[in-house]
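Participant: Below, each chain spelled out in residue letters.
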Amino acid sequence: MDATAQPAPAARQERGRFLAVQFEDMAAQLATGKLGIWLFLANEVLFFSALFVSYGVYRSHHPELFRYASQFLDWRMGATNTLVLISSSLAAAWSVRAAQLGNQRTLIRSLVLTVVLAATFMVVKYFEYSHKLHNGVGWGTACNPSPELLASLPAAVRALPVPAHLGTFFSLYYLMTGLHGIHVLVGIGLYVWLIVRARRGDFGPGYYGPVDAVALYWHLVDLVWIFLFPLLYLI
Amino acid sequence: MTELPIRTLHLLAGAGPGYLPAQASSVAAGVDRVFLFLFWGSAFFLALIILLTIVFVLRYRRRATRLHPEPSPAHSTRLELVWTVIPLVLVLALFAMSTRTWIQMTSADPGADPVRVQVTGRKWSWWFDHPSGKGANELHVVAGRPVELILSATDVIHSLYVPEFRLKQDAVPGRFTRLTFTPTVPGSYPILCAEYCGTDHSRMLSTVVVHADQASFDAWSKEGLPADATLAELGEQVFAEKGCAACHSVDGTRSVGPSVRGLWKRHEKLADGTTALVDEEYLRESLVKPGAKVVAGYPNIMPPMPLEERELKAVAAYLETLAAEGGAPAKGEETKR
Amino acid sequence: MSTAAVAVRAPAHETESYLEHGRGVRSWLFTLDHKRIGIMYLTAISACLLLGGVFALVLRLHLWSPQGALVSNDAYNKLFTLHGAVMIFLFIIPGIPAALGNFVLPLQLGAKDLAFPRVNLLSFWLFVAGAIFFVVVLVVGGVDTGWTLYPPYSLESARGLGILLALSAVVLTGFSSILTGVNFIATIHRMRPPGMGWFDMPLFLWALYATGVIQIISTPVLGITAAMGFLERIFHLGLFMPEYGGDPILFQHFFWFYSHPAVYIMILPAMGVVSEVVSVFSRKPIFGYRFIAVSSMAIAIIGFLVWGHHMFVSGQSRWASLAFSFLTMLVSIPSAIKTFNWIATMYKGAIVLKTPMVYVLTFFAIFGVGGLTGLFLGLLATDVPLHDTYFVVAHFHFVMVGAVMIAFLAGLHYWWPKMTGRMYHEGVGVASAWLVFLGFNLTFVPQFLAGVLGMPRRYATYAPQFTGHNRLSTVGAFVLALGLVVALAGLLHSLRRGRRAPPNPWGAASLEWTIASPPTHHNFDETPRARGPYDYSGLHEVSEEAGWVREEGR
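Residue numbers (our numbering), protein chains in the order written: chain A, 1 to 235; chain B, 1 to 337; chain C, 1 to 554.
It cannot be assumed that every hint is accurate.
Examples of chain B residues toward chain C, derived with CB under 8 Å [as the list claims (entries may be wrong)]:
{"id": "1", "residue": "T53"}
{"id": "2", "residue": "A64"}
{"id": "3", "residue": "H75"}
{"id": "4", "residue": "E195"}
{"id": "5", "residue": "R310"}
Here chain A is said to cover these stretches of chain C; the calculated rule only asks that three of the stretch's residues, wherever they fall, bring their Cβ under 8 Å from a Cβ of chain A [claimed, not checked]:
{"id": "6", "stretch": "64-77"}
{"id": "7", "stretch": "220-232"}
{"id": "8", "stretch": "236-247"}
Facing chain C, according to a computed beta carbon distance under 10 Å, are these residues of chain A, among others [stated by the list, open to error]:
{"id": "9", "residue": "L51"}
{"id": "10", "residue": "V53"}
{"id": "11", "residue": "P63"}
{"id": "12", "residue": "Y68"}
Keep in mind that the hints were calculated from the coordinates and are not lab data.
Positions of the beta carbon are idealized from the N, C-alpha and C atoms, including for glycine.
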């Protein structure tokens with residue numbers, strides 16, 4: 001154990017700005033970070049899973065309730081948001097590639113595009129939520145649809161009796177889309193942070209871990225929505 | 001305290017069934033068979049573990065003359081498979097044995113038309129509606145006749161547990177659960193609540209009475225107050241049967257809810273700051289919608305307890321007698337109708 | 001640092017220990033050093049153990065007489081709820097992984113730190129926030145729902161602020177646990193040193209790995225369930241409350257989907273500690289390394305599929321009950337394998353009866369009882385009468401308090417010299433081990449007997465026939481408490497008066513014993529080359545003071 005083994009101050013500087021002390025080199029750091037994100041995503045999937053299971057249980061107990069209540073959702077809004085979110089996922093994937101290639105302009109543009117599309121998603125969500133809440137469609141016991149809203153339903157649906165515990169469907173609706181919406185907001189925050197760092201010139205072929213990690217997270221958020229859309233809107 | 005070591009020895013000496021509660025249902029013996037088989041199997045393996053530990057520690061302790069371990073294999077797949085497969089076979093055998101018994105425990109006797117009793121759990125008493133139409137706060141069944149209990153709960157989850165029957169079933173609000181059994185030995189056995197349900201969980205006790213024959217059951221079923229019973233006497237009976245006393249004392253002591261002594265025609269201060277006169281109207285409302293007017297200083301936890309009109313009048317009459325004893329002028333002539 | 005310790009080490013680049021590296025409160029509270037975070041965890045969970053223990057003693061005093069000797073029924077219900085919640089969420093679950101694991105894991109890997117030091121610090125502070133919430137619950141009047149939080153009872157309108165705070169605390173400690181799991185798995189995957197393949201890892205790391213898998217997969221379900229309960233209580237969502245169209249049984253499924261695997265979050269690291277200690281103090285490689293390693297993973301995986309055995313009398317489908325009972329029988333097998341392998345490790349060994357080993361010997365008996373009585377509760381026929389009785393209480397205390405706490409104490413004494421650089425007093429340590437063993441059995445064996453006779457759990461008052469059982473149990477609880485106080489006093493005393501610890505006081509072969517006690521800030525000057533974690537050849541004892549030294553080439 002002599003000079004060769006000692007990480008001299010000079011050697012430390014060679015390690016690069018973003019290499020943490022516990023790692024040997026950037027490749028090890030990148031691989032570890034990526035594994036960490038995948039593990040976190042596994043946890044995220046399980047986080048949503050209880051809501052999906054609740055959905056399955058209540059839908060099998062009360063199929064009529066789900067048929068009826070989904071009429072309150074506008075599938076056109078949902079479909080728009082699906083397209084918006086898929087596009088933003090594409091922009092996110094693009095940003096990773098740009099970082100790997102060291103293309104600063106494309107990187108920043110694709111990051112900004114991701115944020116813009118994510119914000120668009122939230123704006124559409126806002127209109128959906130406010131329309132429902134305005135018409136008395138809250139969750140749980142707070143679900144008392146206004147007569148105007150009931151009158152606007154298709155005639156075949158209007159003929160049906162209003163099922164008991166209509167609010168349970170909307171509890172699930174608000175919980176699932178709400179938790180997803182919180183994830184979108186967190187994603188917007190993360191992308192703003194990435195834009196700041198990208199403008200500082202932090203990322204390049206040697207260091208793009210954070211861009212990669214946030215994109216993975218963003219794809220999961222997208223994926224969750226791809227399940228939510230048919231389950232809630234297209235019954 | 002002194003009997004415990006004796007009982008423990010008793011158990012260890014092999015007189016297992018003597019330690020377990022009495023067997024009073026058709027499945028109790030089967031359950032005990034599984035229990036004792038598992039008990040002795042476990043005792044054997046535990047003894048083996050402890051014995052080997054002690055022997056090895058004594059035999060292979062590190063001393064000045066024995067500083068290093070003796071050569072021995074670091075693994076032995078054959079040996080390890082032995083202690084994988086033997087426990088596996090044993091637990092599978094146990095599973096088969098237990099499942100056979102459990103199927104008996106959960107199915108009504110084939111061919112026998114069971115007596116159906118509706119059971120309601122609520123804080124903190126049980127109510128049993130027998131097929132004869134008689135409701136009671138204790139369960140009455142006949143030895144040898146299969147019984148099916150349909151359980152539900154009005155407020156929170158409770159669990160009906162009879163140790164002597166080796167049976168237990170949760171009563172869950174919003175759904176019905178089932179428990180079937182055939183009592184075998186006449187006598188009275190305690191019913192306990194086994195699912196935690198709040199303040200008086202440990203006092204949510206009842207009794208199951210196993211009648212020796214149908215005649216004895218019928219006699220109980222017809223038994224009631226004589227036709228000339230006063231309304232107040234009937235009220236006292238309703239008060240006891242519905243389990244009101246679990247929360248409302250009749251002697252003035254403070255319990256979960258206000259005591260009913262001296263309550264009648266009193267102006268009670270309510271949780272919202274207003275006052276209410278305790279009369280028939282208040283009583284009716286409090287039984288149907290207990291949360292409407294809660295007396296200040298008490299939690300809003302009473303379950304709804306709708307009574308029949310005559311029962312309601314009877315309870316009102318009964319409360320009036322308690323008010324009278326509490327000092328208000330007696331109005332004996334009015335309670336006798 | 002003693003001269004002996006220096007003599008066996010090559011001249012070091014860094015000589016000041018992690019305890020001296022950086023001074024002042026801030027250098028601890030915001031440290032990224034896994035060792036300091038481990039020590040902070042250790043301090044925090046010990047405080048929680050103390051709090052939960054005081055609750056337990058009050059409970060036991062109350063049960064001295066059948067009508068209740070001390071407090072009202074309501075107060076009793078709050079006490080047992082907080083006893084359970086504090087012990088489970090704040091002591092047993094983080095106990096071995098977050099406190100001992102945090103300290104030991106990177107050292108056993110020859111690493112400078114965990115993969116994500118900031119995440120580690122965040123995990124600690126989430127834990128502290130959760131603990132503070134539980135204390136606030138106490139201040140606002142407590143909760144009386146039981147730690148199982150079953151609705152409808154737990155979400156009735158009568159439960160106020162307390163239940164909301166408790167559910168928030170569950171979410172916070174849950175996230176703390178998840179982050180620890182992510183960190184441990186990533187570190188074990190990616191930061192093993194050259195020469196350490198999967199089957200060359202110390203078994204403690206296998207145990208932490210399996211624990212991490214459970215933490216990541218099951219804890220989020222608890223988190224979202226607690227969040228759903230929180231919103232149900234405020235907004236009446238109609239998910240768990242039958243009053244609004246919800247299903248209380250669904251809550252039970254979600255709850256046990258976490259809380260049964262949580263038992264393995266507790267016991268797997270304990271088994272890891274036992275594997276380390278039994279090998280080192282028998283001076284022999286662990287018997288059947290692969291079977292033990294694989295059985296940890298088997299427990300983690302099958303453990304996910306047995307939650308329904310908590311619901312045999314809830315009214316769930318009979319087919320579900322059958323399947324859960326069957327799978328529960330299977331999960332007992334890996335535990336049996338481990339037990340026999342540990343005992344076979346002692347065969348022909350050179351057994352040294354130091355404190356950690358004495359604790360582990362008592363572990364064998366207690367874990368034996370805990371595991372075997374689990375069979376009674378996994379079998380349908382015997383579970384029906386025993387469910388929710390004191391038999392269950394005694395069983396899970398044998399597993400969670402007996403086995404896990406005793407393994408925690410074994411690990412604490414084992415790694416104490418490494419953590420603090422001081423040797424504790426052997427006599428005191430061994431005495432504490434026997435007191436804990438005696439007190440523990442005196443407390444919980446009578447509870448088995450009461451349970452078999454049909455005494456339900458969570459009873460503030462009980463039938464007079466159980467007076468004897470309960471009084472024995474109360475006496476036992478105080479003996480157990482005395483044992484813990486002796487252990488604590490011995491350890492704390494060593495901080496000032498203890499002999500300086502050599503790098504390798506026990507003659508262990510894993511990497512943490514190749515560096516100074518206590519280690520330097522960055523643990524290893526260079527990434528070491530790993531050798532077999534149980535390869536004791538070439539190690540010999542220089543003296544009590546200098547510990548064991550490896551002579552290369554011998």
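Participant: Taking the hints in turn, state whether each one holds.
Facilitator: Right, here's what the structure says about each hint:
| no. | hint | result |
| --- | --- | --- |
| 1 | T53 | holds, 5 Å |
| 2 | A64 | violated, 11 Å |
| 3 | H75 | holds, 4 Å |
| 4 | E195 | holds, 6 Å |
| 5 | R310 | violated, 29 Å |
| 6 | 64-77 | violated (count 0) |
| 7 | 220-232 | holds (count 8) |
| 8 | 236-247 | holds (count 8) |
| 9 | L51 | holds, 7 Å |
| 10 | V53 | holds, 8 Å |
| 11 | P63 | violated, 15 Å |
| 12 | Y68 | violated, 14 Å |
In terms of the numbered hints stated before, the structure departs from hints 2, 5, 6, 11, 12, listed from lowest to highest.
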